[in-house]
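Enquirer: Read off the chains here:
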Amino acid sequence: MSDLRSPLARARGHGSARDGLHHWWAQRLTAIALIPLVVWFAISLVMLSGADYDIARAWIGSPLVMVLLILTICVGLHHGQLGLQVVIEDYIHGDGWKLALIVAMRFIAVIFGLAAIVAILRIGFGG
Amino acid sequence: MSVANRPVHRPLSPHLQVYRPQLTSVLSILHRATGIALSVGALYLATWVIYAAASPEAYSLFQSFNTSIVGRIVLGGWLFCAFYHLSNGIRHLFWDAGYGFELKDAYRSGWIVVAVSLIATAASWVVGLRLL
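Protein sequence lines, in the order shown, are assigned to chains Z and B.
Residue numbers 1 to 127, in the numbering used here, belong to the letters of the first sequence in order.
Residue numbers 128 to 259, in the numbering used here, belong to the letters of the second sequence in order.
Just so you know, these hints were derived from the structure itself, not from any lab.
Any given hint could be a false lead.
To be verified - Examples of chain B residues toward chain Z, derived with CB under 8 Å:
1) 163
2) 166
3) 170
4) 173
5) 180
6) 187
7) 191
8) 192
9) 210
10) 213
11) 249
12) 251
13) 258
Unchecked claim - Label pairs and their in silico Cβ distance ranges:
14) B:147 to Z:91: 21 to 31 Å
15) B:134 to Z:97: 17 to 27 Å
16) Z:22 to B:246: 34 to 44 Å
17) Z:111 to B:238: 39 to 49 Å
18) Z:55 to B:146: 45 to 55 Å
19) B:145 to Z:92: 16 to 26 Å
Heads up, the beta-carbon is just placed ideally off N, CA and C, and yes, glycines get one too.
Please build the complete structure, drawing on both the sequences and the hints.
Expert: Below you can see the structure in the form of structure tokens.
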């Protein structure tokens, strides 16, 4: 099959979305990172069912848990917003609404993620 | 209006409802549905650490919702979504690497995903409810 792209466009490899493989690759990379993180988080969540205030804070504030929790939040929310972006692109057809929803979704993800990270650091460092 | 500007009513893709549900299509739809549910649930879980950082009163208010029937359904449902999306996601990664495309393999891996996610969900519910 003949390739209708110019040699320069083919060399850049950015495709019609001007984004190349970045979205696809970031989704896979975060997916691989989330395999151990989600297993760890799900087990922790189950083991903490019914945990009282002090037990929950002692767990959240321990150094290793802080690192893994913040990592899970960052990687998980990034993976989630990449996935939701595709869902919005698939089902919302008006360009204005599509853009507005993707922007709103990303803002919400960043706000909740940042609030959770600040909360974890406050618990860990006794703020 | 010229012919070129007239809206073209091209045939659309066949709608989902004309197909008999198959394991492969049901699992594919479920992957997207659980992904959406996990994202919304992640915001709820983010509020967990936010409440824990706020005050003992705020945390016990949050815990009283978690231990209610609705809270148990939300958390138990989130766990199912996590185990399903995780195991089916691994299935997707194998496809990305070029393995498991034969029809027989796609069905076999599909049933493995169903079994693993149901067993993991059941185990987490049994342990979780015992600890409550």
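Enquirer: For each hint, tell me whether it holds in the structure or not.
Expert: Right, here's what the structure says about each hint:
With its C-beta approaching chain Z no nearer than about 6 Å, residue 163 of chain B sits inside the 8 Å limit, and its interface hint holds. Because the closest C-beta pair between residue 166 of chain B and chain Z is about 4 Å apart, less than 8 Å, the hint holds. A distance limit of 8 Å between C-beta atoms decides the matter here; for residue 170 of chain B the minimum to chain Z is near 5 Å, and the interface restraint holds. A hinted interface residue such as residue 173 of chain B counts as satisfied when its beta carbon comes closer than 8 Å to some beta carbon of chain Z; here the least separation is about 4 Å, so the hint holds.
Taking 8 Å as the C-beta cut-off, the interface hint given for residue 180 of chain B holds, the closest approach to chain Z being about 4 Å. Annotation: interface hint on residue 187 of chain B holds; nearest CB of chain Z at approximately 7 Å, less than 8 Å. Proximity of residue 191 of chain B to chain Z is violated relative to the hint, the smallest CB-CB distance being about 11 Å (cut-off 8 Å). Using the Cβ-Cβ criterion of 8 Å, the hint placing residue 192 of chain B at the interface with chain Z is not satisfied: the shortest such distance is roughly 13 Å.
Residue-level restraint check for residue 210 of chain B holds (minimum Cβ-Cβ distance to chain Z is 7 Å; threshold 8 Å). Because the smallest distance between the Cβ of residue 213 of chain B and any Cβ of chain Z comes to about 5 Å, under 8 Å, the interface hint for this residue holds. Interface restraint check: residue 249 of chain B against chain Z, minimum CB-CB distance 12 Å, threshold 8 Å, status violated. For the restraint placing residue 251 of chain B at the interface with chain Z, the shortest Cβ-Cβ distance is roughly 5 Å, inside the 8 Å limit, so the hint holds.
Contact between residue 258 of chain B and chain Z, as hinted, is supported at the beta carbon level, the nearest pair being about 5 Å apart and thus within 8 Å. As the Cβ distance of residue 147 of chain B to residue 91 of chain Z is approximately 23 Å, the hint placing it in 21 to 31 Å holds. The hinted window of 17 to 27 Å between residue 134 of chain B and residue 97 of chain Z holds, with their beta carbons roughly 20 Å apart. Separated by about 36 Å at the C-beta atoms, residue 22 of chain Z and residue 246 of chain B satisfy the suggested range of 34 to 44 Å.
Residue 111 of chain Z and residue 238 of chain B have their C-beta atoms about 40 Å apart, which keeps the hinted 39 to 49 Å range intact. A C-beta distance of roughly 50 Å is found between residue 55 of chain Z and residue 146 of chain B, which places it inside the suggested range of 45 to 55 Å. For the hinted restraint 16 to 26 Å between residue 145 of chain B and residue 92 of chain Z, the CB-CB distance of approximately 24 Å keeps it satisfied.
The structure does not agree with the numbered hints 7, 8 and 11 stated previously, though it agrees with the rest.
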